[in-house]
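Engineer: Add chain D to chain C, keeping to what the hints say.
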Amino acid sequence: MTTNDTNTKKSIRQKHILDLDELNRSDIELIFENTDSMMEVLNRGIRKVPALRGKTIITLFYESSTRTRVSFEQAGKILSADVINVSSDGSSSKKGESLYNTALTLQAMKADAIVIRHQHSGAACFLAQQMDSTSIINAGDGMHAHPTQSLLDLYTIKKNLGTISSKKVVIVGDLLYSRVARSNLWGLTTMGANIVLCGPNTLLPQDFLDSRIHETNHPFREIQIEENIDTALKDADVVMALRLQSERQKAGHLPSLREYSRRFGITSERLKIAKPDAIVMHPGPMNEGVEIESDAAHGPQSVIESQVTTGVAIRMAILYDLITGNHSEKEL
Amino acid sequence: MSVKKIQTDVQMKRALARISHEILERNSGAKNLILVGMHSRGVPLAFRIRDLISSYEGQAVDVGSLDIGLYRDDISDKPQATMKPTDIPVDINGRIVVLVDDVLYTGRSIRAAMDAINDLGRPSQIQLAVLIDRGHRELPIRADFVGKNVPTSKEEDVAVKLTEVDGLDEVVISSPTT
Chain C
19 MTTNDTNTKK SIRQKHILDL DELNRSDIEL IFENTDSMME VLNRGIRKVP ALRGKTIITL
79 FYESSTRTRV SFEQAGKILS ADVINVSSDG SSSKKGESLY NTALTLQAMK ADAIVIRHQH
139 SGAACFLAQQ MDSTSIINAG DGMHAHPTQS LLDLYTIKKN LGTISSKKVV IVGDLLYSRV
199 ARSNLWGLTT MGANIVLCGP NTLLPQDFLD SRIHETNHPF REIQIEENID TALKDADVVM
259 ALRLQSERQK AGHLPSLREY SRRFGITSER LKIAKPDAIV MHPGPMNEGV EIESDAAHGP
319 QSVIESQVTT GVAIRMAILY DLITGNHSEK EL
Chain D
562 MSVKKIQTDV QMKRALARIS HEILERNSGA KNLILVGMHS RGVPLAFRIR DLISSYEGQA
622 VDVGSLDIGL YRDDISDKPQ ATMKPTDIPV DINGRIVVLV DDVLYTGRSI RAAMDAINDL
682 GRPSQIQLAV LIDRGHRELP IRADFVGKNV PTSKEEDVAV KLTEVDGLDE VVISSPTT
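Protein chains in written order, with the working numbering: chain C, 19 to 350; chain D, 562 to 739.
Since the hints were made in silico from the structure, they are not lab data. Nothing here was measured: the structure is a model prediction, and the numbers come from that model. Careful, some of the hints might be misleading.
Said to hold, decoys possible - Once the Cα atoms are required to be at most 20 Å apart in a straight line, the calculated SDA-like pairs of lysine to any residue come out as:
id: 1; chain 1: D; residue 1: K645; chain 2: C; residue 2: G180
id: 2; chain 1: D; residue 1: K566; chain 2: D; residue 2: K715
id: 3; chain 1: C; residue 1: K66; chain 2: D; residue 2: R683
id: 4; chain 1: D; residue 1: K645; chain 2: C; residue 2: M57
id: 5; chain 1: D; residue 1: K645; chain 2: C; residue 2: L60
id: 6; chain 1: C; residue 1: K33; chain 2: D; residue 2: T643
id: 7; chain 1: D; residue 1: K715; chain 2: D; residue 2: L700
id: 8; chain 1: C; residue 1: K66; chain 2: D; residue 2: D652
id: 9; chain 1: D; residue 1: K645; chain 2: C; residue 2: P68
id: 10; chain 1: C; residue 1: K66; chain 2: D; residue 2: D635
id: 11; chain 1: C; residue 1: K66; chain 2: D; residue 2: D676
id: 12; chain 1: D; residue 1: K645; chain 2: C; residue 2: T181
id: 13; chain 1: C; residue 1: K95; chain 2: D; residue 2: D680
id: 14; chain 1: C; residue 1: K33; chain 2: D; residue 2: D635
id: 15; chain 1: C; residue 1: K66; chain 2: D; residue 2: D680
id: 16; chain 1: D; residue 1: K645; chain 2: C; residue 2: E47
id: 17; chain 1: D; residue 1: K645; chain 2: C; residue 2: R65
id: 18; chain 1: C; residue 1: K66; chain 2: D; residue 2: N679
id: 19; chain 1: D; residue 1: K645; chain 2: C; residue 2: F50
id: 20; chain 1: D; residue 1: K645; chain 2: C; residue 2: D45
id: 21; chain 1: D; residue 1: K645; chain 2: C; residue 2: D54
id: 22; chain 1: D; residue 1: K645; chain 2: C; residue 2: E58
id: 23; chain 1: C; residue 1: K95; chain 2: D; residue 2: D676
id: 24; chain 1: C; residue 1: K66; chain 2: D; residue 2: D634
id: 25; chain 1: C; residue 1: K66; chain 2: D; residue 2: I653
id: 26; chain 1: C; residue 1: K177; chain 2: D; residue 2: K645
id: 27; chain 1: C; residue 1: K95; chain 2: D; residue 2: L681
id: 28; chain 1: C; residue 1: K176; chain 2: D; residue 2: K645
id: 29; chain 1: D; residue 1: K645; chain 2: C; residue 2: N61
id: 30; chain 1: C; residue 1: K66; chain 2: D; residue 2: G682
id: 31; chain 1: C; residue 1: K176; chain 2: D; residue 2: P646
id: 32; chain 1: C; residue 1: K66; chain 2: D; residue 2: I649
id: 33; chain 1: C; residue 1: K95; chain 2: D; residue 2: N679
id: 34; chain 1: C; residue 1: K66; chain 2: D; residue 2: R672
id: 35; chain 1: C; residue 1: K177; chain 2: D; residue 2: T643
id: 36; chain 1: D; residue 1: K645; chain 2: C; residue 2: R62
id: 37; chain 1: C; residue 1: K66; chain 2: D; residue 2: M675
Stated by the list, open to error - Chain D is nowhere near these chain C residues, computed Cβ spacing over 12 Å in every case:
id: 38; residue: I102
id: 39; residue: V104
id: 40; residue: D107
Note that beta-carbon positions come from the ideal geometry of N, C-alpha and C, so glycine has one too.
So that you can see chain C by itself, here it is in the shape it has in the complex (with noise of 0.2 Å):
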């Protein structure tokens, strides 16, 4: 190797992954690049490589979840990390420990990353300005953010269309309570998506989506709104569903989740109003026959499996970049 590959030698510019409003386009880019070599790995017969050995990740999941904990277990795994799961039951928090305890607990066993998810907003970023040599990654916070999600779903597309920029992307479903819609609205702005959101007035952000008209540069002033799902779904190139959880219903945002499903479910009968080769998306846990038939979500356009396995490669390339990376001097 000459030493002149210093100049192409680079990382994302944060110590930690929080939410997708602090990586810019070229962080982006260069997670991408590196899933790229990450989806190789992955798709061989023995898959481990010995980047991370001797690197200690933990997760520190406060909500359940399957496909977010296990991925990042696997992908720290194939990069032989040792991985620890420590979940809310059974740790010590179920003796009134402080999150800030624990992780200053964790953090003093030498952990090199702490995946933390957690039903208050702000938790993981909390974290992070506690932590000294520790990055967090944020799996999912209250209803702020899901970045790993997010870098998974903005890698889907652009494997499948070819590109970002410019294409039609729809959300529909529960924007108010989605931590992965919001996390998408950062990425898909940033990656030049047209952004089209889609769901029952209660469910819509009003607050958030009011402060826009106050401000001429407000990030998301393109990003438009639609209440009637077949408009929306003209000529999309995306159309990613968002889990409706029960709980709604229950609090009073939707008369029924029939109704809802009446209006907003994805079918394959209103996939024929989006583009012919538009991609259907969900984050999962899917409920399928209320915001997802189930013909639409396992039809030739859903992609949704294999937003799965492209979840691993994604957290493979953010935890290598993450532990290996030099961020010494770009901290928060």
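Structural biologist: Here is chain D on its own, set in the frame of chain C:
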């Protein structure tokens, strides 16, 4: 900073022609060979050697590319290079793998490359072809095929430039003027 050209485009062409012949001589032909270029400049070099061998022997030779980012031993010391995907289109079990790189220096990249190759299969042999050997090995590794041996000091920097990447073919050595 003083810069000196140590190989011209014509000299590079001749060196690659000789390396290609030596690879054929050593392995009694092109049968069973796969050339694996190491990112980034080893890859175009591997393709050039492939084209030369194909023109001498009249038979196609497999070529692949290898990224060693995930196998380096100095990962924590400095920011990593952007990775390029490893792409080895054929089964390497039982084949003769010829690793191709631009500059052989400490030998650590080659160590990493051999680890990477071993994860992909068990070749019958691994051989090494480099355009420039600049010395200063830190591991017991040597090249089988060398374009040019260049004595250097550690302060100097050897840069191989290739048309495919840099727009011209040359090798320059630059040293800090103190």
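Engineer: Assess, step by step, whether the Cα of K645 of chain D is no farther than 20 Å from the Cα of N61 of chain C, and give holds or violated.
Structural biologist: With Cα atoms ~15 Å apart, K645 of chain D and N61 of chain C stay inside 20 Å; holds.
Engineer: Sort out whether L681 of chain D lies within 20 Å of K95 of chain C, counting only the CA atoms.
Structural biologist: 18 Å, holds
Engineer: Check whether the Cα positions of K645 of chain D and R62 of chain C lie no farther apart than 20 Å.
Structural biologist: The given pair, whose Cα atoms are some 16 Å apart, holds under the 20 Å limit.
Engineer: Measure nothing beyond the straight line between the CA atoms of K66 of chain C and D634 of chain D; if it is 20 Å or shorter, mark the hint as holding.
Structural biologist: This hinted pair holds, its Cα atoms lying about 16 Å apart.
Engineer: For a C-alpha distance cap of 20 Å, please report whether K645 of chain D and G180 of chain C respect it.
Structural biologist: Holds - the C-alpha atoms of G180 of chain C and K645 of chain D are around 18 Å apart, at most 20 Å.
Engineer: Would the pair K66 of chain C and R683 of chain D pass a check requiring their Cα atoms to be no farther apart than 20 Å?
Structural biologist: The given pair, whose Cα atoms are some 16 Å apart, holds under the 20 Å limit.
Engineer: Sort out whether D652 of chain D lies within 20 Å of K66 of chain C, counting only the CA atoms.
Structural biologist: 18 Å, holds
Engineer: Is K645 of chain D close enough to R65 of chain C, meaning Cα to Cα at most 20 Å?
Structural biologist: Given that 20 Å is the threshold and the Cα spacing comes to 17 Å, the pair holds.
Engineer: Is K95 of chain C within 20 Å of N679 of chain D, Cα to Cα?
Structural biologist: Distance ~19 Å between K95 of chain C and N679 of chain D Cα, so the pair holds.
Engineer: Could you check that no beta carbon of chain D comes within 12 Å of the beta carbon of D107 of chain C?
Structural biologist: At about 34 Å from chain D, D107 of chain C clears the 12 Å cut-off, so the statement holds.
Engineer: Starting from K33 of chain C, check that the Cα of T643 of chain D is at most 20 Å away, please.
Structural biologist: 17 Å, holds
Engineer: Are the Cα atoms of K645 of chain D and L60 of chain C separated by 20 Å or less?
Structural biologist: 15 Å, holds
Violation of the numbered hints given earlier is absent; every hint is satisfied by the structure.
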